[in-house]
Structures are given as C-alpha cells and as structure tokens.
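All residue numbers for the sequence shown refer to numbering that gives the first Met the number 0, where the first residue is 0 and numbers rise by one.
By construction, these hints were calculated from the structure, which means they are not laboratory data.
Hints should not be assumed to be uniformly reliable.
Unchecked claim - Taking CB as the label site, the calculated pair distances span:
hint, residue 1, residue 2, range
1, Leu41, Asp6, 50 to 56 Å
2, Phe19, Ile42, 33 to 39 Å
3, Glu13, Ile42, 41 to 47 Å
4, Asp8, Leu41, 44 to 50 Å
5, Met37, Asp6, 44 to 50 Å
6, His12, Met37, 42 to 48 Å
Just so you know, even glycine gets a beta-carbon here, dropped at the ideal spot from N, CA and C.
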Amino acid sequence: MVTDHADMDYREHERTYAGFVRLLRSVTLAIVVVLVLMAVVLI
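Work out the full structure, taking the sequences as your base and the hints as a guide.
Written out as structure tokens, the structure reads:
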C-alpha cells in the first residue's frame, strides 16, 4: 500500500476527529441523562 505522507496524515486526522466527535457526543449524552435523573429525583 503506497500512499504519500500528506494523504496518510489527513486520513489519520479524520479518524482522530471522528473519534473526538463520538466521545463528545457520548459525554453530552451522559450529562443530559444525569441532569434528567437529578430532575426526576428532586421533583
């Protein structure tokens, strides 16, 4: 598999970015779930 270095860097960056977005989405979802649970418990 022969690719030039810039292409490899770009693909690596894309994968890292996708992972970061997925992580951010998971964290946001977790925060929302915690807030909803707190609201249910407190009300």
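Hints versus structure:
1. Taking the beta carbon of each, Leu41 and Asp6 are about 53 Å apart, inside 50 to 56 Å as hinted.
2. Roughly 35 Å separates the CB atoms of Phe19 and Ile42, a value that falls within the hinted 33 to 39 Å.
3. Restraint check, Glu13 to Ile42: a C-beta distance of roughly 43 Å satisfies the suggested window 41 to 47 Å.
4. The hinted range of 44 to 50 Å is satisfied by Asp8 and Leu41, whose Cβ atoms lie roughly 49 Å apart.
5. In this structure the hint that Met37 and Asp6 lie 44 to 50 Å apart at CB holds, the actual value being about 47 Å.
6. Between His12 and Met37 the beta carbons are some 37 Å apart, a value that contradicts the proposed interval 42 to 48 Å.
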